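Colleague: Chains as they are written, first to last, in this note's numbering: chain A, 1 to 130; chain B, 131 to 794; chain C, 795 to 1125; chain D, 1126 to 1465; chain E, 1466 to 1609.
These are computed hints drawn from the structure, not numbers from a lab.
Hints are supplied without guarantee of correctness; some may be wrong.
Derived DMTMM-like pairs: lysine to aspartate or glutamate, alpha-carbon spacing no greater than 20 Å straight-line [claimed, not checked]:
hint, chain 1, residue 1, chain 2, residue 2
1, B, K614, A, E62
2, B, K509, C, E863
3, B, K537, B, E381
4, D, K1456, C, D845
5, B, K363, B, D349
6, B, K614, A, E115
7, D, K1385, E, D1588
8, B, K302, B, D397
9, B, K434, B, E381
10, C, K1022, B, D397
11, E, K1609, D, D1235
12, B, K738, C, D845
13, E, K1608, D, D1229
14, B, K595, A, D37
No experiment lies behind these values; they were computed from the predicted model shown.
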Amino acid sequence: MENNTNRMKEQILRTSGVNPLKCMRCGKCSGTCPAYDEMEYHPHEFVYMVERGDIEPLLKSESLYKCLSCFACVDRCPRDVEPAKLVEAVRLMVIRQQGQNHLKPDQIPEMLDDELPQQAIVSALRKYAK
Amino acid sequence: MQRIGVFVCHCGTNIAGTVDVKAVAEALRYEPGVVISTEYQYMCSQAGQDMIHEAIRENNLTGIVVCSCSPRMHEATFRKTAQSAGLNPYMVEIANIREQCSWVHKDMEIGTEKAIILGRAAIAKVNLNAPLTPGETPVTKRALVIGGGIAGIQTALDIADAGFPVDIVETKPTIGGKMAQLDKTFPTLDCAACILTPKMVEAAQHENIRILSYSEVQDIKGFVGNFTVQIKKKARYVKEDICTGCGLCTEKCPQKKVPNEFNLEMDNRRAIYIPFAQAVPKVATIDPNYCTMLKTGKCGVCAKVCTAKAIDYTQKDEIMEEKYGAIVAATGFNPISMKPFDEYAYSQSKDVITSLEFERLMNAAGPTGGKLLRPSDGKHPHTIVFVQCVGSRCSAHASKGKEYCSKICCMYTAKHAMLTRDKYPDTDVYVFYIDVRTPGKNFDEFYRRAVEEYGVHYVKGMVGKVSPEGDKLMVQASDLLADKQLHIEADLVVLAAAIEPDMSARPLATMLTASMDTNDFFTEAHPKLRPVESPTAGVFLSGACQGPKDIPETVSQAGAAAAKVIGLLAKDKLKGNPCVAGSDEWMCNGCSSCERVCPYGAITYVTKEFRMPDRTTALRRVAQVNEAVCQGCGACTVACPSGAMDLKGFASSQIMAEVDAICK
Amino acid sequence: MQKVTREILLAKAAELLAAGTVNRVLGWKAGEFTYDVTPALFTTAAELEKDFVYGPFSGANFSKYLVKETRRDEGKVLVFLKPCDTYSFNQLLTEHRFDRERVYAVGIPCDGMADIQRIKDQAGDGVSGVECDGDNLIVHTLYDGDKTLAMADCLAERCVNCKSKKHVAYDELIGETGDVIDSHRFDEVEKLEKMTEDERFAFWQNELSRCIRCNACRDVCPACTCEKCVFGNPNSGVENKAISDSFEEKMFHVIRAFHVAGRCTDCGECSRVCPQNIPLHLLNRKFIRDIDNFYDEYQAGAEVGQRAPLVNYKQEDLEPSEAVERSGNNA
Amino acid sequence: MRKCSTANLDALLRTIAENASLYLPVDGTDGRAHFTKWEDGVKMSDALNTVRSAKDFFFPQTENLMDFKVEGKTIEIIDTREECEDFVIFGVRACDVRSFDILDRVFLVDPVDTYYKNRREHGIIVSMACTRPSETCFCRTFGIDAANPGGDIVCYKEEDAWYFDALTEKGQALLSKLESLTEECDTAAVDAQKDLIRERMDKLPLADLTADAFGGDKLNTYFNAPEWKSLSQSCLGCGTCTFVCPTCQCYDIKDFKTNKGVQRFRCWDSCMYSDFTKMAHGNNRTSQLERFRQRFMHKLVYFPANNEGIFGCVGCGRCLSRCPISMNIVKVMKELGGNA
Amino acid sequence: MQMTEFKPKIVAFCCNWCSYAGADLAGNNRLNYPAEVKIIRVPCSCRVNPMFILRAFQRGADGVILCGCHPGDCHYTSGNYYTRRRMALLFSMLNFLGIEKERTRVEWVSAAEGAKFAATMNDFVAQITALGENKRLEDLRCKK
């Protein structure tokens, strides 16, 4: 169990390239986050929990899909911690663990409309691929 | 060929217990150059020293090797002994056979063998030693203080009180610096002006102090005890010695729209101005960028109203050259620009201000006459948010901000919050902090009073975003302890901006060849043991130019720097360390490698005419070492590819001789 | 791109001489067999007309001559600089080795210079002349008639791995300047790094054992401009006139490379002149590669006044204990 | 004249190597020919000449003369000389063979250099004719016949066979040991080769170069010639020309401090170096012009002055191909010769 | 015949202000380390020329170690920073030539680190002993 946690933590750190030890716990990321109220775990908690290896709750949390990837936290973090990248890495871990996409490719055409930006389709595939 | 005496010390049993000292003395007798080799119980004792003394006299020794304890222990002792016997003290070498041999080895045979090798190395070295004499240079008994803030003023006063003349060079029209702009000072809440202005006046009136205001240092040459400095006195278009400071001109000047930098441009002044009422020197200055007379030749109002006839539109910048023995850098600090931190809307709203601006707003002599009013509409703010650490404590790789803690913000923010609540109990005051750092006498008590007695809301967390909405400022922040995101409708937001060294520090450091850290703070000669000296001899550091500092710390450092300066100026002559670098002009190719690695700026270049081996003459650029400045580290000797640069006392040939002797 | 010819350079030199801008010209002088071009000083248009040549063998880097030349005379000397030469030129200026005011530098573009040894390897011994024909060289041989070789196959090693076609210094440019090239110049170094320690030792032992200490590498090197070399100075304690033990080969070449580390512009002259064909440039390139790896990328001579890496530091520099691993050496 | 079929050459070399160390030109890892000790499997190079000359065999670049041992305050002198073993140098070209005569005139005249003499006596030279002289060759300028290269044994290589002829007693002795691998033959093939070589020598680019303008009596003609200035102008002062030259014979004697004493050795020196013949008062030739002039005046004037008109150059062309700035004796002769 | 145990020769260059004092402290505390280590005092680690290191190998040293103040603590403020660059490049180059990387080392030892000094020397001597005699940078003349 311990090993599994370590392995997950290492994988998250590797995919994100984030060093959570750089965090000085100022909370500016959470202060800046537009999706704060939607989230169960807030950006600064993501950083702290990953650092502690408290990853299971994050994997299960809806918060993963509430992050808009707006990168406000990345831009404003004084210590260059880049919390959004951590969130993204945890999200990727869930996707990889499950190995199965929530959205099936054949479902996509019917969901498309002309207004929908290309980028939204791509990020939707990533985010809702639960 | 040297005539060398070898003296092996028993050090009681300290050495003799593990080293067969007789065998060592016997073995070393046959080394090249050795004419006498002997041992004794305690070489450092009077009897031992007498023995060395006698041996030098009797055998006409030209060098001695003492095999004993560490040179850090008794090198000085044996050098004195040698000197008393008429031998140059630098003809003494120590073989450390105690700390580095008998005390770390147990086996007699091994210890003896090693002691012989160490002795051989010392003999090989002393064979190549040359007598050295420390150089002497006279000291100009006068100091220059660069910067006229509280640091510079205090340093100048202390030096002047000791009887040495001091010049203060200040770029602004008045001395006083940042402290003159402050309202109250923590933790006692004295009024800054009340404690600063008497010192300014004292400086102005001190017979040993000359204030060169509105002046800049342009060039510095020379070295410890002998600096030559070029100072530019900028034209202020007012005769300083005649102006009475009555201020009439500053009232009559028709050019009213000049942003007032003393009030951080929150109000306007005239084109002719005196920065503030207690300015020293209290004389008017014409701002050439705004004066209509200087720009178009039409106006001349100030000249007309001046009863003292002090106005002189034809004044020119003046360059003066002065000599000093010591230089103190006291260039101070500035808040950093808030431009990169636009999430706080500093550029979008007039009601987002820095703490220094807040000082002026609270100051009775400030733009609002001491009333706390919003810069945008002059209304009284009811909710004020203070943000700490703006631009401080950022990652080294972050695109903006500084890596260090600015040190003074926690305390002045507590002061601001407290003063606000004191004057206007109807205001809500929030302070967003990451950590509250209060390590100073009565500091934490002060902060606790802000919380407990004045009801300031301290919130652990950072403000993420400020957005102006109508006449309000929407502050979005996190409250980490409550795990909540707060949304506060504020009337005024105050940013505790990080502080950085003044821009003039970097060019000054280059002129002084004083080193700086990556943040442009001056580096101290030793972070613990020589905190007010620059590594460059004769250059001292005072105040925030060395690192963020509050007033009490600045004043104590200023005094310490003054003490160091006084210590230097009290000497008539400076005696140097003779183990300094020297350049062989015939081999030097003038490439500047040595100059670049010298931490002391001891190396300069001259272009000289040489008669070349092929009988032609050529102009060649060659390095010269200033022996008064060189500290003898030897960095230059390795940077020099041709080996033109060598270090006396630790010459390449000497070190290689030691290597050879050890590897035999 | 304008093709530089002898005529263009001649005209430029004659013009500058006539105008009094310069009073002498550092140029290439024709030899016996086309390829044996000698650097020479010309003072009149007539001399230039008679002996000045420019072609695939005009490879010598003139920068170092400026040290001696600018000491001699009050007037200005005209020097033609290929892109690679301009780096040496700047580096010498950085080190205050000559007076810029006494030089008029004309930058000339360069498509690479030929290596006579490579030509002989392909055409056989007995090369009596070489002619340029577009992208080919026509080689006249004594016994096997004429042979046509692609210029690309005859380029000197340093030109095959040319690092820059950009002129970083000049008073005037003939033709156009080019760009810094993303070259493969470190491939050979990398190959050696990947060998084992033993293989590398064997490689260098074999190469350096051929050294005859003629000092050509040192004497041609634009970075080796010491008034007196440590290895030629009897007082330095390391002087040696000949190699009488294989240690001295290593001592000489390691220290020589170290002394020019951070100052070497990688002009390749050392290997070009080595009579024993020792790939000395690999030592210099190793230092360049390590400097780029360990610290910031640095090209000596790119700008005048740069602070060379060995007279510079950062607080966060790597530790010597990490150096071997970081350098890519297989150890 | 004896001949050995090409197929038998290896066996022949092996036989020579059984009795003496055998050296011959072999292509090195750098693609150039160097004299290398023969052992089984070593292939002889096809190159015209080696990078370094063959003088190394008699006058090596460094040579231990004696040792001093220091013990306490006593010094012991140790004679390090040993009797040299017999050795054979195979494939020496005419130019290098002549260079030995020139070296002999320096080292074997009184006082005889015993180190050199020792090796000279034990060395057997198998020369080889040059069928493909190079553009840089000008040995004929100095009266050398590449078709009759000399030495102890002369050899001619043809497609199918090698021809040998002993010219000295030493050569005869060696050739007699090779009788089983060689057979007596006529000189037809060799004569044809000689004709070919001479024909080719006539056509070389430097065939017309003569040394007539030079000689022992020309000191005043050339010493102050203005041409020296431009000739020496770009000389780097390196020692490449002197070190690849088969006739340069200057050396320095130096002491090396070992851990126990001193090793006295001699090593090649170069008149191109600024510290050449440095004396207490400094150097006697202080400019590169003087040093440059010294080298060529020595070869073309001073040496013939002391040696019955024999020049100190053999026209091997090594300096032509090795000089970093392509300055060489041919350019010097042409430039000065026009002045005579 | 029994093989005599290999006793390496080690040259340690120590800066006067930190490492030499650290070595003295090791002595004061009677911390043992092998006698194969011989210390040469230099004012600062930046005084050590790469030539000295090669010279030591030439003369028969089997290992060379250079000790200076910790980066940032240099008595001369920046000397050891230059040392660090010089030695990083030199060591990499020596290894590029096939010299065993274990033969050379730089260690930062403060005046307070007597124990570290002794431990470092013990470790270094063990490392060189395991490596064996210096063959690749030897000068045979010096062994005569």
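Colleague: Now tell me if each hint is right for this structure.
Modeller: Going down the list of hints, with the structure as the test:
1. B:K614 - A:E62: holds (17 Å)
2. B:K509 - C:E863: violated (77 Å)
3. B:K537 - B:E381: It is violated: about 40 Å lies between the C-alpha atoms, which goes past 20 Å.
4. D:K1456 - C:D845: holds (13 Å)
5. B:K363 - B:D349: holds (13 Å)
6. B:K614 - A:E115: violated (36 Å)
7. D:K1385 - E:D1588: Status violated; Cα separation ~30 Å.
8. B:K302 - B:D397: holds (18 Å)
9. B:K434 - B:E381: holds (13 Å)
10. C:K1022 - B:D397: violated (67 Å)
11. E:K1609 - D:D1235: violated (33 Å)
12. B:K738 - C:D845: violated (37 Å)
13. E:K1608 - D:D1229: violated (35 Å)
14. B:K595 - A:D37: holds (15 Å)
In this structure, the earlier hints numbered 2, 3, 6, 7, 10, 11, 12 and 13 are contradicted, and the remaining ones agree with it.
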